[in-house]
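Using the sequences and the accompanying hints, generate a full structural model.
These protein sequences, in sequence, are chains C and V. Residue numbers are given in UniProt numbering: position 10 of the first sequence equals residue 10, and the series is strictly consecutive. Residue numbers are given in UniProt numbering: position 178 of the second sequence equals residue 178, and the series is strictly consecutive.
Source of the hints: derived by calculation from the structure; they are not laboratory data. Keep in mind that the hints are not guaranteed to be accurate.
[Said to hold, decoys possible] Sample of chain V residues facing chain C (criterion: CB under 8 Å; computed from the structure):
| hint | residue |
| --- | --- |
| 1 | T30 |
| 2 | A94 |
| 3 | V98 |
| 4 | S119 |
Glycine residues also receive a C-beta, built at the ideal position from the N, C-alpha and C atoms.
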Amino acid sequence: MNSKNEGIEMKPIMGQDREEISQYDITKAAHPGICFFHIFFKFCAFFSYLFLGLIISSTLFQYILIMIFHAFDFYTVKNITGKFLVGLRWYSHITPKGDEIWKFECFDKCKRSKIDSSVFWTFQFGASCAWAFFVFTNVLSFEFVDILFAGIGASLSWINLWGFYKCSKDQQRKMKGVQSYLTKKGLQMAVQS
Amino acid sequence: MDYTNQKHPQNYSQMEDLKTLDLEESVSETIMRDLRMIAYKLKYVLIPKEQEDNGKELRNWDLWGPLIFCLALAMTLSFKADSTTTSSKSDVFAIIFVLIWVGAFVVTLNAQLLGGKVSFFQSVCLLGYCVFPINIEAIIIAFIGSYLPFVVKLIPVIICFAWSAYSSVGFMASLVPPHKKKLAVYPVFLFYLFLSWFSLIV
Chain C
1 MNSKNEGIEM KPIMGQDREE ISQYDITKAA HPGICFFHIF FKFCAFFSYL
51 FLGLIISSTL FQYILIMIFH AFDFYTVKNI TGKFLVGLRW YSHITPKGDE
101 IWKFECFDKC KRSKIDSSVF WTFQFGASCA WAFFVFTNVL SFEFVDILFA
151 GIGASLSWIN LWGFYKCSKD QQRKMKGVQS YLTKKGLQMA VQS
Chain V
1 MDYTNQKHPQ NYSQMEDLKT LDLEESVSET IMRDLRMIAY KLKYVLIPKE
51 QEDNGKELRN WDLWGPLIFC LALAMTLSFK ADSTTTSSKS DVFAIIFVLI
101 WVGAFVVTLN AQLLGGKVSF FQSVCLLGYC VFPINIEAII IAFIGSYLPF
151 VVKLIPVIIC FAWSAYSSVG FMASLVPPHK KKLAVYPVFL FYLFLSWFSL
201 IV
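Next up, the structure:
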């Protein structure tokens with residue numbers, strides 16, 4: 001009897017699991033290659049930070065590789081992944097007067113796949129938190145060089161996260177703007193008819 | 001310091017129209033476009049004849065050029081460093097890396113505190129691009145330095161230092177009020193002098 005109950009209980013939970021897994025199923029993403037690179041450079045940066053010392057004895061090459069992976073990850077997320085996976089962009093524009101304006105934009109035209117966005121946000125946020133954790137542990141153990149590399153990773157990740165978060169707020173504001181415009185139009189038409 | 005962080009700039013839609021083309025751009029096009037921008041800015045900064053309007057092109061700052069030159073300089077000097085102890089090589093790398101970025105930050109901060117109206121990143125971008133002659137000099141010395149006496153090695157060092165300093169001083173001096181020019185320019189000299197000297201003795 002118990003096992004029968006357990007069998008009935010397990011079904012909805014399994015259904016839930018299947019939905020969650022499909023949210024991260026990269027093979028069904030709109031841009032699987034770009035999702036892969038989004039994850040790949042982060043993975044390489046973490047791997048070289050944590051384990052490269054076991055493979056390569058020269059600390060110099062470790063440092064070089066970590067810096068290169070940090071740079072690649074930042075560039076990829078800012079210029080390529082953000083644009084294709086979530087349709088957002090942020091940059092700085094300097095006016096002729098010399099004032100610096102930060103712009104946070106979203107592309108209306110692209111269709112945003114849910115899997116793409118969830119992969120993007122999960123891994124960006126996860127990587128940022130992980131680097132922040134490493135900085136914290138390094139500060140506590142006074143490992144200054146490790147602080148430098150973890151700190152660079154953390155700051156680049158959080159900068160990207162902040163930039164895209166502001167873009168997504170802009171996107172939400174735009175959506176609300178469109179919604180209010182449509183409701184206004186609808187009301188006008190209703191009043192006229 | 002005079003910044004305006006506008007949330008709704010006037011030409012927002014204009015900029016968006018121009019840049020919606022970006023969405024159609026493939027990955028390789030994006031990368032090539034950025035590389036071309038770096039090469040163009042490098043030429044602009046280092047070849048004085050190209051400069052029509054001081055700092056106009058630097059408005060579209062980017063920090064990728066400085067990162068590439070910083071990495072290249074750090075790698076050159078650390079490869080060349082004393083190979084008897086492996087720890088000193090990686091130390092040199094970390095020192096150069098931190099030195100360039102913190103140095104650029106301090107020089108920019110100095111210019112801003114003197115009343116200069118400059119975008120922080122624009123100034124760091126310029127200082128980073130002007131590190132390129134020191135890169136050249138470090139590579140020259142790395143390859144043929146061991147065969148030359150010290151005095152002969154000084155010649156490319158002095159030429160490249162003068163080139164770096166001249167390229168950046170023009171821009172930095174234009175940012176601050178005239179009576180404070182020397183105060184703004186002095187740290188720039190120090191910065192490149194230290195980098196050149198470091199590349200000579202390592």
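Going down the list of hints, with the structure as the test:
The beta carbon of T30(V) comes within 6 Å of a beta carbon in chain C, closer than 8 Å, and the hint placing it at the interface holds. Hint on A94(V) holds. Least Cβ distance to chain C is approximately 6 Å, under the 8 Å limit. Annotation: interface hint on V98(V) holds; nearest CB of chain C at approximately 7 Å, less than 8 Å. With 8 Å as the threshold, the beta carbon of S119(V) comes within range of chain C, its nearest partner Cβ sitting at about 4 Å, so the hint holds.
The structure fails none of the hints (numbered hints given earlier).
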